[in-house]
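Undergrad: Input sequences plus hints: build the corresponding full structure.
Everything in the sequence shown is counted per the numbering used here, starting at 1024 for the first residue and increasing by one.
Hint data in this document are derived by calculation from the structure and do not stem from the laboratory. A couple of the hints might just be wrong.
[What the hints assert, rightly or not] Below, in silico cross-link-like pairs of lysine-lysine (DSSO-like), each with a Cα-Cα straight-line distance of 27 Å or less: (1) K1106 / K1117; (2) K1125 / K1106; (3) K1117 / K1089; (4) K1158 / K1221; (5) K1117 / K1085; (6) K1117 / K1158; (7) K1106 / K1085; (8) K1125 / K1083; (9) K1083 / K1158; (10) K1158 / K1085.
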Amino acid sequence: MLRRFCYILACVTLLFACKKDIDKTPMPGPDDPSISAFLPLSGPMGTEVRIAGRSFSADKTKNIIKFNGTVAEVMEATTTELKVIVPDGATTGKLSLTINGKTATSANEFTVTGAQLVITQVTPESSESGNITIKGRGFVNTPAGIQVRIGNFETTVEPGATETQLVVAVPVNVYAGDHDVTVVANGQTVTKIKGYHKIGWMIRTIAGSGADGTDDGAGAAATFSNPLGMAADKNGNIFVMHDSQRQH
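TA: Here you go:
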């Protein structure tokens, strides 16, 4: 009998001790921020993520969102939803939201995948031929794993490619004018609209001095009178027709 009484007393004591420990854990208040869900659940850096919850700040500057510890930019905010961008350097992990010193953490992790494909710069922006350098991020460092097009013409990626820079040759069949530059890598496609201009003609010599006449000659030695039209040959020579005569 004494043994049974001691057993019951021990159980009751343990129950109250546990209840006392539970009571020490503060429960979130109705005004404390809380993250209930976010979409998408994964994506590369630069991905737009929408976060749902409660007690957010409508002032986007007061919502401090972190992806596994890396601060993200808040694009839009209401008291129940945030639109944020996965920051550069983010790693897979939970999201946290801090407002006025109070922090909420998501139940699920956001999975950071490969870097988002971006073209930031093409140099030179124009040329007659040769190579151009494409800078950005999300490229691959093996030429076999990437495709580049200038306009509708696929080109060759030179050795030495990195995740942020590519060097490619301008295809000989690219015609004069503006062309989009497109990169395909890691299942993503990105295009820089009118990223490159192929120069078709360059003025190397200006003929004529402004004086009226019909003299042949190189450069400023030539004179023209009442020009009627012009024509060009494959070598870049321009012929001026005037008064039934031809000069170039």
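Undergrad: Are the hints correct? Go through all of them and say.
TA: Quick rundown of the hints versus the structure:
Under the criterion of a C-alpha separation no larger than 27 Å, the hint pairing K1106 with K1117 is consistent with the structure, at around 16 Å. Distance check on the hinted pair: K1125 and K1106 sit about 20 Å apart at the alpha-carbon level, within 27 Å; holds. For a cut-off of 27 Å, the pair hint linking K1117 to K1089 stands: about 8 Å separates their Cα positions. Between K1158 and K1221, the direct Cα distance comes to roughly 19 Å. Compliance with the 27 Å bound is thereby established for this hinted pair.
For the given pair, K1117 sits about 20 Å from K1085 by alpha-carbon distance, which is consistent with the 27 Å threshold. For the hint linking K1117 to K1158, the alpha-carbon distance of about 31 Å lies beyond 27 Å, and the restraint is violated. Distance hint between K1106 and K1085 is fulfilled; the C-alpha atoms sit about 13 Å from each other, no more than 27 Å. Restraint check: the Cα-Cα separation between K1125 and K1083 comes to about 16 Å, which is no more than 27 Å; the hinted pair holds.
As the CA atoms of K1083 and K1158 are separated by approximately 32 Å, the hinted pair breaks the 27 Å bound. Restraint check: the Cα-Cα separation between K1158 and K1085 comes to about 34 Å, which exceeds 27 Å; the hinted pair is violated.
When held up to the earlier numbered hints, the structure conflicts with 6, 9, 10 and fits the remainder.
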